[in-house]
Amino acid sequence: MHRFANPTAFMRIANAIFPWAAGLATVLFVIGLPVALVTSPPDYQQGDSVRLFYVHVPSAWISMLVYGSLALSSAAFLIWRHPMASVSARAIAPVGAIFTALALVTGALWGRPMWGAYWVWDARLTSELLLLFIYLGYIAIADAFEDPERGDKAAAVLGVVGSVNLPIIHFSVEWWNTLHQPSIIKMDGFTVDGSILLPLFLMLGAFTCYAVAIWILRLRSELLAVKLRNARMSEVNLASAAAE
Amino acid sequence: MTRKRRRMYFLLLGLAGVGAGVALALSAFQDSIVFFRSPTEVVEGKVATGQRLQIGGLVEAGSVVKDGQNVSFAVTDMAHTVKVKYTGLLPDLFREGQGVVAEGKMEHGVFMASTILAKHDENYMPKEVADALKKSGHWQEGGVPAPPGQEGGVQAPPHQDGGVQAPPGQEGAGQSAPGK
Chain A
1 MHRFANPTAF
11 MRIANAIFPW
21 AAGLATVLFV
31 IGLPVALVTS
41 PPDYQQGDSV
51 RLFYVHVPSA
61 WISMLVYGSL
71 ALSSAAFLIW
81 RHPMASVSAR
91 AIAPVGAIFT
101 ALALVTGALW
111 GRPMWGAYWV
121 WDARLTSELL
131 LLFIYLGYIA
141 IADAFEDPER
151 GDKAAAVLGV
161 VGSVNLPIIH
171 FSVEWWNTLH
181 QPSIIKMDGF
191 TVDGSILLPL
201 FLMLGAFTCY
211 AVAIWILRLR
221 SELLAVKLRN
231 ARMSEVNLAS
241 AAAE
Chain B
1001 MTRKRRRMYF
1011 LLLGLAGVGA
1021 GVALALSAFQ
1031 DSIVFFRSPT
1041 EVVEGKVATG
1051 QRLQIGGLVE
1061 AGSVVKDGQN
1071 VSFAVTDMAH
1081 TVKVKYTGLL
1091 PDLFREGQGV
1101 VAEGKMEHGV
1111 FMASTILAKH
1121 DENYMPKEVA
1131 DALKKSGHWQ
1141 EGGVPAPPGQ
1151 EGGVQAPPHQ
1161 DGGVQAPPGQ
1171 EGAGQSAPGK
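Going line by line, the protein sequences match chains A and B. Position 128 of the first sequence, counted from 1, bears residue number 128 in the working numbering, the numbering being contiguous throughout. Take any residue in the second sequence, note its place counting from 1, add 1000, and you have its number in the working numbering.
Please note that the accuracy of each hint is not assured.
[To be verified] Derived pair list, reagent style DSSO-like, types lysine-lysine, alpha-carbon separation capped at 30 Å:
{"#": "1", "chain 1": "A", "residue 1": "K153", "chain 2": "B", "residue 2": "K1004"}
{"#": "2", "chain 1": "B", "residue 1": "K1046", "chain 2": "B", "residue 2": "K1105"}
{"#": "3", "chain 1": "B", "residue 1": "K1127", "chain 2": "A", "residue 2": "K186"}
{"#": "4", "chain 1": "B", "residue 1": "K1085", "chain 2": "B", "residue 2": "K1066"}
{"#": "5", "chain 1": "B", "residue 1": "K1085", "chain 2": "B", "residue 2": "K1046"}
{"#": "6", "chain 1": "B", "residue 1": "K1083", "chain 2": "B", "residue 2": "K1105"}
{"#": "7", "chain 1": "B", "residue 1": "K1066", "chain 2": "B", "residue 2": "K1105"}
{"#": "8", "chain 1": "B", "residue 1": "K1004", "chain 2": "A", "residue 2": "K227"}
{"#": "9", "chain 1": "B", "residue 1": "K1083", "chain 2": "B", "residue 2": "K1066"}
{"#": "10", "chain 1": "B", "residue 1": "K1135", "chain 2": "A", "residue 2": "K186"}
{"#": "11", "chain 1": "B", "residue 1": "K1066", "chain 2": "B", "residue 2": "K1134"}
{"#": "12", "chain 1": "B", "residue 1": "K1085", "chain 2": "B", "residue 2": "K1105"}
{"#": "13", "chain 1": "B", "residue 1": "K1066", "chain 2": "B", "residue 2": "K1127"}
{"#": "14", "chain 1": "A", "residue 1": "K153", "chain 2": "A", "residue 2": "K227"}
{"#": "15", "chain 1": "B", "residue 1": "K1134", "chain 2": "A", "residue 2": "K186"}
[As the list claims (entries may be wrong)] Just so you have them, the derived chain B footprint on chain A, three or more residues with Cβ under 8 Å:
{"#": "16", "stretch": "39-47"}
{"#": "17", "stretch": "70-80"}
{"#": "18", "stretch": "178-186"}
No lab work stands behind these hints: they were computed from the structure. Cβ atoms here follow ideal geometry from the backbone N, Cα and C, with glycine treated the same way.
Using the sequences and the hints given, assemble the complete structure.
In structure tokens:
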């Protein structure tokens, strides 16, 4: 993995992945959206409200997948001081925050007609809200310092510590009584009929490929920002050297 | 030991420490994290009366009596039952045999609810599949919400043939709630 610490080597691989991720995301959305939103059957209890499920579950999945990658990048940065690791974590954080917000909003829109409440303070909802705050905290801390490297370090510590929340989100519906339904994945399969599971998997794939593609786009712009900052710094240094 | 290795151990140790701290805090606050109490807990007096709380369970079949906006029904966890009175609009998913969470107060043995929330289970299927299951006799109406304090309770898979209802309130039993 040390091979990827070099931004050029890292971006060579990322740039090779990009067209595949973007292309696959497009294909899966083109197939998945009509299936999820139009042709799949309504649920026997929820009716058409079940279609929120195809946005809600993938958003929640991405919110946690992205946090996992952010926490691993943060750890790699703290241990090996790989500069690419913090660039990666900075690039992915807003993506995770937006998908977390999307999961919360779609959940609330579903909750009002189904449960009778937009929001309740049960363990699942509260821990997912906490995830949003951790993301926002990460973004704020990373940019809070004059010296971006100090920001990298402080944010990486938060990034690693925040990973404690991931198992809490996942197991909250098993450890405590919640209003949120338990996981649809059981020891012997899924509690969801195949006709509803298919669009869910299409959307899970689409969201995942989309997140990867966006991450690579943001990696490029983060690296450009670093280059720009360095160029400005050397310009300032040159100017002050000339003035002396 | 290299500096990198030392940093890695330090990080792992730190994470383990934070994890242990959070786990202790969460288990200490176990009682306030659960979203609702079961009728068994209420009947056995584990919950102080006169205090606002949420109770959850299934709407007992045949117990719903509607008189305009006044509704009364019974919440059950198959072991004990609590009578609930409520005035207001009910959520769409409220029906007999379905999970429900009521917020309110115990008054003279009746739970006076101010809010009713429907609890949806993890089973999703088209109407035709539900009808087919009902027809073939594989339908199992009603799941019991896991009694609190049962850590790591495994939810039983839905539509078990002649599913065995685990008696609720069995502390530490591996199986908690037969899914609906």
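If any of the earlier hints don't hold here, list their numbers in rising order.
Violated hints: none at all, because every hint is consistent with the structure.
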